[in-house]
Amino acid sequence: MSNDSISDKLQPKFQKEHQLAYYKALEDKHTTIDLEHDPLGTRMILNMGPQHPATHGVLRVLTELNGEKIVKNKLDIGYLHRGVEKIAENKTYQEFMPYTDRMDYLSPYSNNVALCTAVEKIAGIEVPERAQYIRMVGAELARISSHLLWLGTMVMDAGAISFFIWTFRERERIYDIFDDFAGHRFTVSHSRIGGVASDLTPEALEKIRVFIAQFPDEIRDWKKLLNRNRIFIDRNKDVGTITYEEAIALGMSGANIRATGIAYDIRKVEPYLKYAEMDFEVPTRLEGDNLARYFVRMEEMSESVKIIEQCLARMQKGPIRVDNAKKSYPSKDEVYYSMEGLIHDFMMTDTGVCPPAGVECYHAVEAPKGELGYYIQSDGTGHPWRLKVKSPSFSNLQGLETILDGQMLADTVVVIGGIDPVMGEADK
Amino acid sequence: MELFTPELIKSILVMLGATLGFLLPSAAVVVYAERRVAAFIQNRVGPNRVGPFGLLQPFADVLKLIMKEDVTPTQGNRMLHTLAPLVPVVTALMTVAVIPFGDGLVVANLNVGVLYLLAVASLSVYGVTMAGWASNSKYSLLGGLRSAAQMVSYELPMGMAVASVALLASSLSVVDVVNAQAMWWFIFLNPIGAVIFIVASFAEANRTPFDLVEAEQELVGGFHTEYSSMKFGMFFLAEYMHVVIASMLISTFFFGGYHLPFAPLWLPELSPFLKGVLDIHVFLAKTVFWIFVFIWVRWTIPRFKFDQLMRLGWSRLLPLSIVNFMVIAIVLYLIG
Amino acid sequence: MFELYFPILLLLGLAVVLALALMLLSRYLGPHRPNKPKLMPYESGMDPYGQAKDRYSVSFFLVAVEFIVFDLEVVFIYPWAVTYRDLGPESFWSMMVFITILLLGLIYTLKKGTLDWDSKPQTASAAQK
Chain A
1 MSNDSISDKL
11 QPKFQKEHQL
21 AYYKALEDKH
31 TTIDLEHDPL
41 GTRMILNMGP
51 QHPATHGVLR
61 VLTELNGEKI
71 VKNKLDIGYL
81 HRGVEKIAEN
91 KTYQEFMPYT
101 DRMDYLSPYS
111 NNVALCTAVE
121 KIAGIEVPER
131 AQYIRMVGAE
141 LARISSHLLW
151 LGTMVMDAGA
161 ISFFIWTFRE
171 RERIYDIFDD
181 FAGHRFTVSH
191 SRIGGVASDL
201 TPEALEKIRV
211 FIAQFPDEIR
221 DWKKLLNRNR
231 IFIDRNKDVG
241 TITYEEAIAL
251 GMSGANIRAT
261 GIAYDIRKVE
271 PYLKYAEMDF
281 EVPTRLEGDN
291 LARYFVRMEE
301 MSESVKIIEQ
311 CLARMQKGPI
321 RVDNAKKSYP
331 SKDEVYYSME
341 GLIHDFMMTD
351 TGVCPPAGVE
361 CYHAVEAPKG
371 ELGYYIQSDG
381 TGHPWRLKVK
391 SPSFSNLQGL
401 ETILDGQMLA
411 DTVVVIGGID
421 PVMGEADK
Chain B
429 MELFTPELIK
439 SILVMLGATL
449 GFLLPSAAVV
459 VYAERRVAAF
469 IQNRVGPNRV
479 GPFGLLQPFA
489 DVLKLIMKED
499 VTPTQGNRML
509 HTLAPLVPVV
519 TALMTVAVIP
529 FGDGLVVANL
539 NVGVLYLLAV
549 ASLSVYGVTM
559 AGWASNSKYS
569 LLGGLRSAAQ
579 MVSYELPMGM
589 AVASVALLAS
599 SLSVVDVVNA
609 QAMWWFIFLN
619 PIGAVIFIVA
629 SFAEANRTPF
639 DLVEAEQELV
649 GGFHTEYSSM
659 KFGMFFLAEY
669 MHVVIASMLI
679 STFFFGGYHL
689 PFAPLWLPEL
699 SPFLKGVLDI
709 HVFLAKTVFW
719 IFVFIWVRWT
729 IPRFKFDQLM
739 RLGWSRLLPL
749 SIVNFMVIAI
759 VLYLIG
Chain C
765 MFELYFPILL
775 LLGLAVVLAL
785 ALMLLSRYLG
795 PHRPNKPKLM
805 PYESGMDPYG
815 QAKDRYSVSF
825 FLVAVEFIVF
835 DLEVVFIYPW
845 AVTYRDLGPE
855 SFWSMMVFIT
865 ILLLGLIYTL
875 KKGTLDWDSK
885 PQTASAAQK
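Residue numbers (this note's numbering), protein chains in the order written: chain A, 1 to 428; chain B, 429 to 764; chain C, 765 to 893.
It is possible that part of the hints are untrue.
As the list claims (entries may be wrong) - Using 30 Å as the maximum straight-line C-alpha spacing, the simulated BS3-like pairs for lysine-lysine come out as follows:
1) A/74 - C/817
2) B/496 - C/817
3) B/492 - C/802
4) C/800 - A/16
5) C/800 - A/13
6) B/492 - C/876
7) C/802 - B/496
8) A/306 - A/121
9) C/802 - A/9
10) B/496 - C/800
11) A/388 - A/121
12) A/13 - A/74
13) A/268 - A/237
14) A/24 - C/875
15) A/207 - A/274
16) A/74 - C/800
17) A/388 - A/268
18) A/16 - C/802
19) A/13 - C/802
20) A/326 - A/388
21) A/237 - A/224
22) A/223 - A/306
23) A/86 - A/390
24) A/268 - A/390
25) B/496 - A/13
26) A/223 - A/207
27) A/237 - C/876
28) C/875 - A/237
29) A/326 - A/390
30) A/268 - A/121
31) A/74 - A/388
32) C/802 - A/74
33) C/800 - A/24
34) A/274 - A/388
35) A/9 - C/800
Everything labelled a hint here was simulated from the structure, so no lab data went into it.
Construct the entire structure; sequences and hints are all you get.
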């Protein structure tokens with residue numbers, strides 16, 4: 001089909017070139033499934049998203065349908081692009097942290113940790129042990145919280161609406177914990193370069209203890225409801241299957257690649273913080289379908305609970321930030337009661353941590369969605385010369401396009417739920 | 429005039445009672461019940477602001493819908509777009525004609541009442557398919573087609589299950605069907621037929637797990653994506669009326685209608701008035717139970733996929749219902 | 765006969781009047797401020813590509829045809845189900861044979877793959893399987 005016939009069917013009012021080019025790209029796309037000729041012209045081209053209840057924000061899937069079967073599809077992402085990487089160049093490293101909260105807004109703590117560990121790596125900062133444990137607790141709670149949202153929305157996309165509310169009740173408890181321990185419920189910004197902002201309060205500690213004691217029961221209840229639910233299994237088994245070769249080639253990570261049988265978890269492969277000391281499993285499945293992703297994430301939540309338990313057991317009393325005014329904020333006591341402290345606080349806010357000039361580094365953490373990496377180039381000032389975010393949702397979405405070809409229309413929502421993208425992170 | 433016999437006046441009274449006094453208000457009550465039960469299942473409170481315990485919520489909803497703008501998409505077919513919402517409501521109201529609420533409390537005791545029920549109940553699918561096509565929205569079209577597919581798959585098992593009921597009752601009159609269950613409810617004699625009928629009723633009423641006609645996750649609103657104001661309200665009303673009707677049909681065909689279990693064994697002779705009051709309450713209690721089951725299922729389990737739904741209908745339920753029919757026919761023949 | 769169906773006719777009238785009244789109520793009480801985007805069909809916030817009325821592939825077409833056949837056969841069963849006890853053994857066994865053929869026909873079409881429209885079109889590729 002030529003450009004003319006596309007503009008016959010569509011007169012876009014804005015983004016004209018993009019729209020026409022996009023429909024053209026769908027037209028020209030080659031797919032893996034064998035295409036029969038379409039002599040009667042019965043294929044329908046359907047936009048799913050950006051304004052759609054089940055595309056997790058503003059993901060747009062342009063599909064070509066034969067009946068209810070997707071013949072080919074094209075993803076259009078970028079509707080939530082905010083130029084976060086460019087903003088980073090005009091911020092100090094610490095100032096940039098609240099922006100990371102708003103990238104993967106379902107697990108802000110992991111993003112904070114990812115930025116901090118990357119900056120600490122390039123600036124050569126050693127973080128005190130207690131701070132590392134606190135970060136791990138926060139990151140694992142964030143993982144549980146993110147997986148809870150995935151579970152709720154994925155099962156809701158399959159049609160069981162109440163599930164969403166049940167998982168949100170548990171998320172609510174995690175918000176309460178963060179409220180006590182970071183001062184914020186949602187966008188926590190708790191980690192600091194060189195440590196964390198505040199120590200765990202006794203109330204927060206108690207709440208975490210209660211949560212990890214009770215949460216396994218909730219998981220057990222949910223498994224009871226879903227693992228043997230015939231409709232749920234029918235909806236997910238052999239749906240959205242991807243082979244491990246494809247998954248590697250497309251750069252997928254996180255639970256999506258572990259569901260294809262590759263035990264790639266940065267916490268094990270390249271441990272950061274104190275993960276090397278922890279005793280936990282990396283759950284994997286071989287099938288690579290949506291059900292496999294479900295099982296992997298369910299197990300991951302249990303493993304996270306185990307990690308939090310171990311962190312709480314090993315945590316010793318001690319400082320929570322580096323005691324070096326060039327590398328980290330001084331404590332509030334110092335700021336309020338000593339002149340040097342106040343000056344250092346100003347300096348940290350104004351200039352911030354200055355990594356050596358001409359140095360670059362990449363550091364990745366295992367975020368709930370997958371490998372979340374920060375690549376930083378420094379020019380010796382307190383601002384990054386270039387900061388690049390390798391966001392897991394973006395690379396996982398590359399797999400989505402391959403997966404969706406040949407699926408049913410009703411599968412799209414379940415598969416999108418199973419891939420678990422966050423558009424804030426994918427579009428940056 | 430000869431036409432207005434006492435018989436007719438009685439049936440008109442029953443008709444007014446059944447439609448204005450029962451079916452329409454019951455749709456409102458079911459809307460309220462659904463929201464409260466859903467809230468209970470989801471650890472929430474549910475509507476509790478409008479009126480005592482939020483009881484006036486459905487009326488507030490309807491009032492809001494009436495005051496909303498009625499949008500008809502220009503590219504659609506205006507005529508069909510306007511007619512479509514009427515169909516499900518009218519068919520829903522029509523079905524009550526042959527359902528006996530109590531001994532002699534029936535609008536019209538047709539000798540082919542069972543066929544009438546099947547015929548009228550399956551007409552409502554036209555409304556949905558018409559709505560889907562007339563909106564000229566792709567999501568609506570997909571929803572409309574799904575409803576056609578659903579009807580095609582579940583009409584037959586339902587028909588066969590009802591045929592097995594007709595076997596047991598030896599009549600196609602709904603009143604006879606109910607009276608045949610005075611002693612033994614058909615759920616005991618024909619359990620497989622009952623299960624098939626219940627499953628098919630869920631499908632006919634477009635309720636979870638068969639609500640893919642309006643699957644909001646993939647089809648946004650399904651067939652009613654392009655509907656607003658009271659036109660949407662009509663579909664909304666019809667959905668709940670169909671839930672009520674499906675519940676009434678389940679109770680009528682398999683759970684003894686207005687009869688208490690094994691009533692002839694223990695129920696003493698009552699005056700006609702008392703008997704009438706008791707009958708209506710027994711029937712309503714059964715209906716309420718099944719409405720609750722409808723709501724319970726909706727808020728608990730996921731929904732089927734289009735092809736799974738057809739496969740279940742054609743390769744499971746239909747052969748099963750045919751075999752069930754044959755077994756019952758043979759057993760009845762051998763017994764005498 | 766007419767007396768029997770007269771209430772149903774009345775009910776039909778009542779139902780239509782009731783439904784129309786509810787719908788007309790909103791037409792007169794609600795606001796009416798149409799504009800172009802509002803009257804456009806919904807397609808997830810994008811301008812619709814082509815028309816929904818265009819030719820569209822109905823993959824369950826074959827099943828729908830089958831439905832008509834079976835539906836008619838089910839209709840035959842109803843009058844028999846009511847009266848077979850009076851009709852004697854000949855009618856009974858002939859109906860049993862009829863239903864068996866019906867069942868066999870159903871199994872045949874299922875095995876032939878009427879429901880497999882999901883995976884492949886029912887052309888050469890289905891025969892290759």
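Hints that the structure is at odds with (numbers, increasing): 6 and 14
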